[in-house]
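Protein chains in written order, with our numbering: chain A, 1 to 139; chain B, 1 to 477.
Do not rely on the hints blindly, as some may be mistaken.
If you want the ones that stay clear, here's a sample from chain A, every Cβ over 12 Å from chain B, calculated [to be verified]:
1) T2
2) S22
3) I37
4) N47
5) E51
6) V76
7) N128
Heads up, incomplete: computed chain A residues facing chain B, CB under 10 Å, no partners named [what the hints assert, rightly or not]:
8) L32
9) D65
10) T126
11) G129
Covered stretches of chain B (chain A as the covering partner; in silico rule of three or more C-beta atoms under 8 Å from a C-beta of chain A) [said to hold, decoys possible]:
12) 119 to 126
13) 242 to 248
14) 264 to 278
15) 405 to 417
Hint data in this document are derived by calculation from the structure and do not stem from the laboratory.
All C-beta atoms in this analysis are idealised placements derived from N, C-alpha and C, irrespective of residue type, glycine included.
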Amino acid sequence: MTLHYELFPHGADTGVRGTGPSRDAAFEQAALALTSIVTEPAGISPNEMVEIACDAPDDAVLLSDWLNAIIYQMAVRKMVFGRYTVAIEGRKLTGRAWGEPIDRIRHAPAVEPKGATFTALDVRQTPNGVWIAECVIDV
Amino acid sequence: MDIAQLRRLSDTAWQIPPTGAMRVPAVIFANAALIGEMDEKVREQIANVAMLPGIVGAAYAMPDAHWGYGFPIGGVAAFDPEAGGVVSAGGVGFDISCGVRTLLTGLKGEEVERCKHALADSLYRDIPAGLGSTGKIALSADQMDAMLAGGAHWAVAQGYGATDDLARIEENGCVPGADPSAVSERAKTRQRHEMGTLGSGNHYLEVQLVDEVYEPDIAAGFGLVAGEAVVSIHCGSRGLGHQIGTDFLREMALAAPEHGIVLPDRELACAPLRSDLGRRYLGAMRAAINCALANRQIITHLVRRVVWHYLPGASLELLFDVSHNTCKEETHMVDGRRRRLFVHRKGATRAFGPGREELPAPFQTTGQPVFIGGSMGTSSYVMAGAADGGGGPAFASACHGAGRAMSRHAALKRWHGRQVIDELAARGILIRSPSARGVAEEAPGAYKDVSSVVDAARDAGLARKVARLKPLVCIKG
Numbered sequence: 001m002t003l004h005y006e007l008f009p010h011g012a013d014t015g016v017r018g019t020g021p022s023r024d025a026a027f028e029q030a031a032l033a034l035t036s037i038v039t040e041p042a043g044i045s046p047n048e049m050v051e052i053a054c055d056a057p058d059d060a061v062l063l064s065d066w067l068n069a070i071i072y073q074m075a076v077r078k079m080v081f082g083r084y085t086v087a088i089e090g091r092k093l094t095g096r097a098w099g100e101p102i103d104r105i106r107h108a109p110a111v112e113p114k115g116a117t118f119t120a121l122d123v124r125q126t127p128n129g130v131w132i133a134e135c136v137i138d139v
Numbered sequence: 001m002d003i004a005q006l007r008r009l010s011d012t013a014w015q016i017p018p019t020g021a022m023r024v025p026a027v028i029f030a031n032a033a034l035i036g037e038m039d040e041k042v043r044e045q046i047a048n049v050a051m052l053p054g055i056v057g058a059a060y061a062m063p064d065a066h067w068g069y070g071f072p073i074g075g076v077a078a079f080d081p082e083a084g085g086v087v088s089a090g091g092v093g094f095d096i097s098c099g100v101r102t103l104l105t106g107l108k109g110e111e112v113e114r115c116k117h118a119l120a121d122s123l124y125r126d127i128p129a130g131l132g133s134t135g136k137i138a139l140s141a142d143q144m145d146a147m148l149a150g151g152a153h154w155a156v157a158q159g160y161g162a163t164d165d166l167a168r169i170e171e172n173g174c175v176p177g178a179d180p181s182a183v184s185e186r187a188k189t190r191q192r193h194e195m196g197t198l199g200s201g202n203h204y205l206e207v208q209l210v211d212e213v214y215e216p217d218i219a220a221g222f223g224l225v226a227g228e229a230v231v232s233i234h235c236g237s238r239g240l241g242h243q244i245g246t247d248f249l250r251e252m253a254l255a256a257p258e259h260g261i262v263l264p265d266r267e268l269a270c271a272p273l274r275s276d277l278g279r280r281y282l283g284a285m286r287a288a289i290n291c292a293l294a295n296r297q298i299i300t301h302l303v304r305r306v307v308w309h310y311l312p313g314a315s316l317e318l319l320f321d322v323s324h325n326t327c328k329e330e331t332h333m334v335d336g337r338r339r340r341l342f343v344h345r346k347g348a349t350r351a352f353g354p355g356r357e358e359l360p361a362p363f364q365t366t367g368q369p370v371f372i373g374g375s376m377g378t379s380s381y382v383m384a385g386a387a388d389g390g391g392g393p394a395f396a397s398a399c400h401g402a403g404r405a406m407s408r409h410a411a412l413k414r415w416h417g418r419q420v421i422d423e424l425a426a427r428g429i430l431i432r433s434p435s436a437r438g439v440a441e442e443a444p445g446a447y448k449d450v451s452s453v454v455d456a457a458r459d460a461g462l463a464r465k466v467a468r469l470k471p472l473v474c475i476k477g
């Protein structure tokens, strides 16, 4: 079962979708999709690590909180992140993001994510066991 | 959108009659061609808005409406606190008080053409734009609260711009009722280094030419002269507004059951106007409006400094500043009765007509200026509020831009940024941007035809078409 992230079309903004064998992996891939709105994740050096913790009443809000926490860290640290790990226990998420300060020449950031919306917000496991985590990001 | 599912009210007004949980009808202002181009999601979303508690009259979609989140972009709805009305964080959106202001130069286009390249380079250098850019202003905690309470007044007191600017800004530069204590520390932290920055996406700074005037008397009242240059700034409340949207969207969505609200879409997160949460959101959202007004005021100062270096004769008088993602408390006539309502405009511009007491004296006979932003290669328009003193259609609102015809995803597949920049340069339009991909996502072809949107708004009686502005220089984030 492969890990995968992608962007999906939305009228004004952009959707992010992460797919993986576990909920944790799907959240990690959704975060990479978020990064890919800004720049290519593979071009980011994992020099600095930031820890992120979230707590939410359901999986969908937890995904929204996770992505919004990354957007917040990107905004206040002026960083981009190219690698993520997630561990979810119950309603609590512990995550790590590795990245580096934005280099406007090398990363050529395309657009600034403003926030993760509740539009198309969904975390689900398909009948064949694959986890999908997705939502629309306001950019 | 399938027009057969709408009830025709006129050539430019189409109704979705109330069914199911809809409390009022929804009305889409557009001609048949624009309706045909609209996503089905617009119909679904505006019908959902019509289900919210305390909604008055109808839920409205402007001619540039497109699929948003919760509300469609180009959505307008008014709520009455006396009737259990709500305020919706989703109905305002993340980019609170995003808006446009336009400065007159009093200079012929030829004068600008002579220094256009140097002007473009200097504006790009001096006005921070794009992700990763920071302003030169860092606010302390006390300064942040003063800015959130004072808006453009605070900015002028700090030396950014002139007192005369304030009368040319909606709310005279400062919306009352802002509550900095309702703004989270996260939101304030996110804003600390972002004052005086343009942002990214569809935000821009343009030098434009007035290339056609349609209503000479109103244009003269606005100071718009064919053949002269103007400067327009499009941006909002930056990270502070984004974080306030994030904070309250979550809180309102989770608290909806406590308030007895059934949300047709979680993104329509809202709270009763007469609740602690509703009041806190209004206080925070108004602080974000003031942040946006201060931000555009600071950018105005930076623009003036650059332009005056090359063109010392430019007047750079502020024509007006309008916001298009807000919830504002206003008086409107509904069924012959004056009612105090909370009007949400998401991707829609206030368009007060002649005689509205809120307007400054110069606009009492013309109606307020309404700016319809273009998209780098396409024209922008100046319109004038047409509604009568009581309110008019859609609670005195008009469109705000062309509206996207294509997702960013699709635009990126179709265009390369360099190609867009070169093609526009060949047409005499200089683009300066840190991101070629960002330019591709914002390619002019990704938007609807702004001229047909403006004509539909005029034909629907939302606003009068005053002048067309052609881009000469565009700074994109």
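Please flag the earlier hints that this structure goes against, numbers listed from lowest up.
Violated hints: 3, 6, 8, 10, 11 and 12; rest satisfied.
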